[in-house]
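Which chain is which? The protein sequence lines are A and B, in order.
Take the working numbering: the last position of the first sequence gets the number 221, and nothing is skipped along the way.
Take the working numbering: the last position of the second sequence gets the number 716, and nothing is skipped along the way.
Among the hints, erroneous ones may be present.
[What the hints assert, rightly or not] Residues from chain A shown here face chain B by an in silico Cβ test under 8 Å; the list is partial:
#, residue
1, W98
2, R102
3, V115
Derived by calculation from the structure, the hints in this document are not laboratory data.
Quick reminder that beta carbons are idealized off the backbone N, C-alpha and C, glycines included.
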Amino acid sequence: MSSENGKRLLETDAGGLNFEATELTLGLPGEPRVTSDGGAKLGSKRGISETVDLKLGDNNPEVKLGHSLQEAAKSPVSKTQVVGWPPVRGFAKRGKKSCKYVKVAVDGAPYLRKVDLEMYNSYQQLLTSLEDMFSCFTIRNYLNEKKIDQVNGIEYMPTYEDKDGDWMLVGDVPWQMFVESCKRLRLMKSSEAVGLGLKTAPKYSSTN
Amino acid sequence: MNYFPDEVLEHVFDFITSHKDRNSVSLVCKSWYKIERYSRQRVFIGNCYSISPERLIARFPGLKSLTLKGKPHFADFNLVPHDWGGFVYPWIKALAKSRIGLEELRLKRMVVSDESLELLSKSFVNFKSLVLVSCEGFTTDGLAAIAANCRFLRELDLQENEVDDHRGHWLSCFPESCTSLISLNFACLRGEVNLGALERLVSRSPNLKSLRLNRAVPLDTLQKLLMRAPQLVDLGIGSYVHDPFSEAYNKLKIAIQRCKSIRSLSGFLEVAPHCMSAIYPICGNLTFLNLSYAPGLHGNKLMKLIQHCRKLQRLWILDCIGDKGLGVVALTCKELQELRVFPSDPFEAENAAVTEEGLVLVSAGCPKLNSLLYFCQQMTNAALITVAKNCPNFIRFRLCILDPMKPDPVTNQPLDEGFGAIVQSCKGLKRLSLSGHLTDQVFLYIGMYAEQLEMLSIAFAANSDKGMLYVLNGCKKLRKLEIRDCPFGDAALLEDVGKYETMRSLWMSSCEVTLGGCKSVAEKMPSLNVEIIDESEQMEFNLDDKQKVDKMYLYRTLVGHRKDAPEYVWIL
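All chains, full assembly: derive it from the sequences and hints.
If you want it as structure tokens, here you go:
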């Protein structure tokens with residue numbers, strides 16, 4: 014199911030997006046795979062390639078590396094990139110960040126709400142939930158379909174403020190990347206967005 | 145041979161409950177086989193592809209409880225593609241068509257669709273218990289069907305499943321007439337639940353003994369639930385975040401104190417560490433404590449909590465407890481039998497906060513320790529030898545040093561001697577997982593000493609085929625062998641293919657076995673399914689026998705090749 018879609022994304026990616034983001038690597042979701050200084054992250058992290066070098070230097074001529082480690086050793090990134098290691102269940106999410114609450118503002122609403130982005134697995138789930146929360150509005154969904162609300166005929170564009178302080182359209186980047194970088198959400202009245210000329214729909218579908 | 149009438153034998157067999165024993169009984173003679181099969185109510189199938197539902201139904205017409213396992217264990221670590229298999233629908237469909245009065249279904253690592261759940265809920269009038277562990281493929285709509293249609297439901301236990309949460313009102317689907325619940329566990333669901341419906345459900349379930357909530361259940365609801373169910377034995381707390389000076393917190397303290405029967409506590413999916421004192425009154429009775437989902441709990445708050453838990457038998461914790469914290473466990477929890485220490489930061493080996501020291505402390509302080517799962521930064525031979533001496537009763541010993549192939553940091557030696565000491569000392573060892581730098585030598589020890597070993601997991605170890613051969617030749621009771629990234633090739637694989645018929649399954653990935661070697665096994669052993677899993681589409685274009693196989697999974701079966709394999713699985 015999701016692996017097939019991941020494959021399709023790789024093949025059709027044309028927007029210069031970092032499709033390595035969908036590769037299985039050992040980094041936490043949303044973390045950059047390769048850092049600007051060419052691989053060595055902050056601090057003195059001994060990646061697998063260094064461990065491997067140590068091994069080869071010892072009197073252990075018979076040590077053979079498993080394929081996955083051979084691949085990891087070739088990688089320029091010092092951080093390990095071994096699939097399925099360590100053997101912990103992937104979605105158990107026992108990690109440090111267990112929730113991510115962000116404020117949600119809707120143009121015209123008297124108060125803000127908060128949502129936990131970790132509660133969702135995809136854009137579709139988030140937008141559906143926002144629609145539930147602000148039930149008298151409709152949100153122009155990520156597929157750019159028009160859903161006009163019966164009551165007051167207003168529709169909204171979902172936008173968010175990212176780590177750099179810029180206001181972005183929801184849906185362009187992979188879901189996990191979005192969760193990492195989103196600081197707050199704003200549902201902007203579509204009428205304000207007129208003139209921005211959105212020709213292409215955001216890249217990521219609900220399977221992300 | 146038969147001095148007694150069938151009814152007497154049947155009565156005697158009623159006392160034989162373990163699957164192994166009942167299987168043995170059925171092999172004695174034809175009449176025992178017949179009596180046993182008609183009286184059998186509980187069946188365990190460790191590999192859903194080893195037998196077909198039709199044959200199961202034909203042999204055990206009195207079946208009431210079925211346990212099925214699907215995907216291989218390494219599927220937990222993303223080594224098996226999602227749609228590899230393990231679909232439960234054909235089983236439910238066949239059972240529904242038959243006259244089997246199914247009451248209990250327990251599934252592990254299977255693909256469960258909403259359709260299956262709906263069919264299940266409508267087909268068995270007396271259905272009582274559904275346990276799903278590490279399954280996927282269903283949504284809360286499927287749960288709604290179970291809630292709505294299973295009139296005598298006693299148990300709905302969802303453990304670590306991937307559920308698409310539609311935030312529907314599945315909890316509201318339990319009818320008012322449903323008062324039979326004993327166990328309800330929905331901790332793995334990520335979405336909101338109807339809190340009012342939950343409260344009403346708990347209120348009308350006087351037999352409720354086990355309740356595990358998800359993150360969406362806030363503290364004030366927890367307090368109300370506890371007031372209505374002071375008889376709980378097992379509690380999983382969802383959200384535990386609140387202001388310690390609030391009315392809600394005071395109410396909670398009172399509610400918890402009324403729950404004198406709680407023996408098992410888990411969850412804390414969201415936790416405010418400064419509020420743990422409300423839990424202290426029940427800590428003295430706890431036999432099981434699971435804090436492995438609570439990274440917010442560490443340091444002194446965690447220590448204080450543990451110090452109240454003197455009767456603990458099983459502890460699941462994150463490594464932020466540290467070696468010092470494990471020292472506190474060693475001093476406090478003298479009844480401890482099972483310890484699991486999970487990594488809070490799995491992909492940064494340097495941040496793993498426990499080392500060999502913590503393990504040694506626990507082994508010294510907790511002589512009853514028999515089951516271990518330990519993710520750590522490093523391990524030494526000396527520590528393992530000490531642990532082996534302190535705790536000769538290990539049944540399960542699973543050690544994961546986060547940095548693969550890491551040697552003993554003090555001596556720079558492989559960990560052969562340390563693990564060797566474990567297998568030599570722990571004569572009852574049934575399950576073993578290895579890690580760190582290991583040569584063929586450790587496998588020599590395993591083959592020599594691990595006589596009761598049933599399951600072995602190996603990664604990034606050994607120098608040659610000899611390693612695998614030592615294990616296959618020595619471990620007579622071996623049932624499951626899973627290997628990744630080891631230099632084992634065709635010579636090891638083909639040495640004794642008959643052995644695989646005595647085992648449930650063998651997994652080998654990123655090893656040295658070739659397509660030709662796998663084909664050879666398949667040819668010689670028609671009673672095995674030999675599956676090659678290759679998503680890279682290499683196999684389609686390059687059928688060279690000398691090519692190395694990325695993932696091979698073989699298992700014994702009575703029903704030949706399965707028909708539901710996806711295109712990247714080749715069954716030889």
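Practice task
Please verify that hint: A:W98, Cβ, nearest Cβ of chain B, below 8 Å or not.
Solution key: Interface hint status for A:W98: holds (6 Å vs cutoff 8 Å).
Exercise for the section: Let me know if the C-beta of A:V115 comes in closer than 8 Å to any C-beta of chain B, holds or violated. Expected result: With Cβ-Cβ at 16 Å, over 8 Å, it is violated.
Handout entry: Cut-off 8 Å, beta-carbon criterion: hint that A:R102 touches chain B
Key = 5 Å, holds
Going down the numbered hints, you'll see the structure goes against just number 3.
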